[in-house]
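Trainee: Below are the chains, spelled out letter by letter.
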Amino acid sequence: MTSSFFAEKEIYNGLLLSRTIILQELINFLMDYFLELLLGGLTKGSIYALIALGYTMVYGIIELINFAHGEIYMIGAFTALIAASILNMLGLGQITILILASILAIIYSSAYGFTMEKIAYKPLRHSPRLSPLISAIGMSIFFQNYVLLAQTSDFLPFPSLLPEFEFLQPYRHIIRSPEIFILFTTVVVMVLLTVLIKFTKVGKAMRATAQDRKMAMLVGVDVNKIISMTFVIGSSTAAIGGVLIASFIGQINFYIGFIAGIKAFTAAVLGGIGSIPGAVVGSLILGCTESFATGYVLSDYEDVFAFGLLVLILIFRPAGILGKSSSEKV
Amino acid sequence: MKKFRFAWLTKTLAISLALVFSTVFLSSCGKKEEKKAAKAVAPPIKIGVAGAHSGDLASYGIPTVKATELVVKKKNAAGGINGRQIEVLVQDDACKPEFATNAATKLIDDGANVVIGHICSGATKAALSIYKDGKIVTMSPSATNPPLTQSGDYPNFFRTIASDDAQARMEVDFALNTLKLKKIAIIHDKGDYGKGLAEFAREFLGQEKGAEVVLFEGVTPGGLDYSAIVKKIQENGADGVIFGGYHPEASKIVTAMKKKDINIPFISDDGVKDETFIKVAGEYAEGVYATGPKDTSKNPLTIQAIEEHKKAYNEDPGAFFLNAYSAALALVNAIEKSGSTDYDKIVAALRTEPVDTPLGSIKFDAKGDAIGVGFSVYQVQNGAYVEVQ
Amino acid sequence: MHIFEEIKKSTITAVWFVFLTFPIMVIRVNTIHKTIEWRWDNMIMVAVGSFALSFVWRYFMEHRQAPKPEAMGRGVPWIQNARQAIKHPVFFYSAIALLTVFAVIFPFIFSRYQVNIMTTALIYVMLGLGLNIVVGLAGLLDLGYVAFYAVGAYSYALLHLHYGLNFWICLPLGAGLAALFGIILGFPVLRLRGDYLAIVTLGFGEIIRLVLENWNEFSKGPSGIAEIPRPPIPGVELSLSESSVFLYFLVIILTLFTVFVVNRLRNSRIGRAWIALREDEIACQAMGVNKTATKLTAFALGATWAGMAGVIFAAKTTFINPASFTFLESAIILSIVVLGGMGSIVGVIASALILILLPEYLRAFSEYRMLLFGAVLVIMMVFRPQGLVSTVRQTYQFKGLKKDKEVG
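If you read the protein sequences in the order shown, they are chains A, B and C.
Read in this note's numbering, the first sequence has 137 at position 137, and its numbers run on one by one without any break.
Read in this note's numbering, the second sequence has 1357 at position 357, and its numbers run on one by one without any break.
Read in this note's numbering, the third sequence has 2347 at position 347, and its numbers run on one by one without any break.
Don't read these hints as lab results, they were simulated from the structure.
Please note that the accuracy of each hint is not assured.
[To be verified] Quick look at which bits of chain B chain C covers, simulated, 3 or more residues with Cβ under 8 Å:
(1) 1088–1095
(2) 1099–1106
[Claimed, not checked] So the derived label-pair ranges between C-beta atoms look like this:
(3) D1173(B) - R2191(C): 54 to 60 Å
(4) D1342(B) - E2037(C): 42 to 48 Å
(5) I103(A) - F2110(C): 44 to 50 Å
(6) S2268(C) - L192(A): 52 to 58 Å
(7) D1365(B) - T96(A): 57 to 63 Å
(8) K1135(B) - S2268(C): 33 to 39 Å
(9) D1110(B) - T2100(C): 27 to 33 Å
(10) F2327(C) - K1073(B): 35 to 41 Å
(11) F2019(C) - G93(A): 25 to 31 Å
(12) E1387(B) - E2242(C): 48 to 54 Å
Positions of the beta carbon are idealized from the N, C-alpha and C atoms, including for glycine.
Excised from the complex, chain A in its bound form (with noise of 0.2 Å):
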């Protein structure tokens, strides 16, 4: 772009165009810069997104910040990994390895996920509040030492299973279609949960042990269903994220899933937490705002900008920007 663009002003100057004409070039040229680091924002937020939704979504109905989901992630993406090498030996096509590799990654997650709840969050559903946070670190530290161990410690080259499409080729330089498939993956998997949680009858007894578990149970909810339930479609969604993200990142390790975990967490809470769109709307915004800060300021600071950006949002709406701010019956 930039030597295309120099180019272009020296022919300019050599026409002895007019002044506006280069500052209308200039603006465009700037209008570019600001397009590119917008969509690279998007990205980055729809990456997030994918890791905020299963957090959400979690804390939606039991109010735990569950800090494994990373871990999950980290997990799928392993998974994944592993299924996609060995089914590549066997030579399948790339679409095949896809599908077969994501299944795969989503049904071993969602067995993580719901043998985690059944042993280190089921036992304390009645404790204080903060003791389910503790064990979730717990379960953290073990899962990052428990990859570690029986995998390695070393980054891995995660193999790019997303396809390339033609018709995008023109415009490489802006978007991929990697790119454009977890956009595309990110809204659709928005869509899913939120029509599961507000149209279906399982999405309804979400809502009522999310509301109330006493008066759940007695109204015939199956709790602990709907609980393990939870767990295990945010650990899909999560599964998804993991795949899609490793190929798109190209590499994995065993730490991968606390650094992201942190990160959507943090989104889920500036879009409010508990609310499905809103994860996905503070995600948008957190990449965003670090795309920005990046090419504006200093991306020394970019996580700064973040949190900093996070603080000013909730001072303002102390529920996040979907979040409803529930005023106290006393």
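Guided by the hints, dock chains B and C onto chain A, whose structure is given.
Mentor: Structure of chains B and C alone, referenced to chain A:
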């Protein structure tokens, strides 16, 4: 009654299982003790290995443990050092200063004779005063902070890696003289290693005429997407990038650059001159420059070390493996040549007795930096690092 | 019959875990050489291990003391008896005396490593007690507590570096600066509740760390500050091991001071206001408690101890860099408070000693150290969700009536 029987049964089962476990555990411990006692004809020489073996930096610390164990295993099989077996004591510091001091005192208490470590410069600095007090030779495969050797504060410290300023000097010279770059973007990973190196690169570039630093920024390590910073590099019209940091970030930045069709030279350091970088970045790694120790790949010792690693762990070695392997060889050699574990004698031997290592034939100068580790610039060509200067 | 039932359950568990751990534990692919390594021995290990552990787990789950909110820790007779016994003066004072003797002779009978890790553990006791004010007493979930610890550590390091101030001056200065930061953090978050507060404090902690990391001119960036002197005694030259023993005693004294102050605070007017705030914010305001002042004092006083601990930390390690002040550190300190039992001083001390000394003693298991640590955290929470020592709510009994009558 039913309830009672159930409880009784489970209780018995649980208790008996616990008993079985503890007996197995105790007996295995006991066996270990016995083994030690049987071997203890001459007291073993203890080599401590300290570094990050857990947490986010574990992938830089664990290869050192493996390298040391490989060297020691081989030496022990060959009869040990002057008939004495070698024992490896591994201590984790998670690259945190506070754990590093604990690990250091633990190693001293356990009777370590020499220490290989630590991995991060910060942790090394925190631990060194303790080793200095305990008169223990410490050799790091990866701590590159210049003052560690140059300040002269730590006479017990040695390293098998070049300091930040030496590498930065080389990178800058290469960028200016060979590649003739004019506008350079310096990127780092905000880490103690990467930022230190980047700072030196900026300083050296400031002294030279004919080139300017158009961008000096840090990226968040472990970040998910570096497209914004890559865009900014382009926006600032840089015709080359110097990166200070490790390979995970480097490969992400290189990939993002290539995907945006930004084809400008990317020059980096030892932390990137790692096989893992080529594996992870794949085709995007092509053309990347990195500084690193000279003639490693053709050195028969290198080939042998990597083969040993593959045989033992069924994977390629990780970061700083060769540096750690060399450090272990150098220390073993120094103990052997000096014929004792006495501090002064080991130091003297390290400074005078050259030893063949994967990094070349090395000994150490008065400050503790390795002499004989030549440095050169490599470029990735067809999936392998090739020496270009 | 029952034994078959039990075996069946365990078998199902074992099969489930074999399935669960299959891809991660058994398969290892080498993507470069395109080889797959099948580690079947791991599978057998998992099967046998989970089969056996499932018995143990179910046995203990069956006998787990169910956390009953109304009578936490009081329901079980032996705990009640133990409480009574501890309160008995003879037992109480002899226990105190024993502990004192042990603490005093500790550095002389154990090695330097033991003294060192004990000092670290005691620093964490201070941190735990400080955070206990914020989380345990005032009920404000703070995930960025480590920021104040960093403020303390860096104030000593920087003040020493630039102005040559010594440890004894920096100790109160560091504490004061941390308190100031506590108030700065406190202001914007006054309106926030629960988890929103948690994430803002987390963000605050990260911001402090990032600034320390990036602002080289101010903090020397990621390469950190080295050669920070250990606490000096004027006129006495200390060797390294003497100095660590001295530091140990200093930390003991400061810990005792912390315990004393926190204990007094808890029973003071402000302490009761904190507890009231924790229990019900609205009712508390209705009773006329100044919410702003109460919250801010909680943040400030909590931060003070972190600042003090930070100064000692800098003096102990003699080197600091931002890597010591990550979120994980905050999480560990929070675990200390929750595991100890929110609001309980004895509990926090016990859990700080456990959580900090445990990873050190787990060093024997080398690479399994952190794995076990994570597991222990989960297991302790599952079996004692209310913490090691659950606090008994303070009750006041009116005893003065009889006397009054006599006078009247």
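Trainee: Where does the structure disagree with the numbered hints, that is, which hint numbers, in rising order?
Mentor: Those not satisfied are hints 5 and 8.
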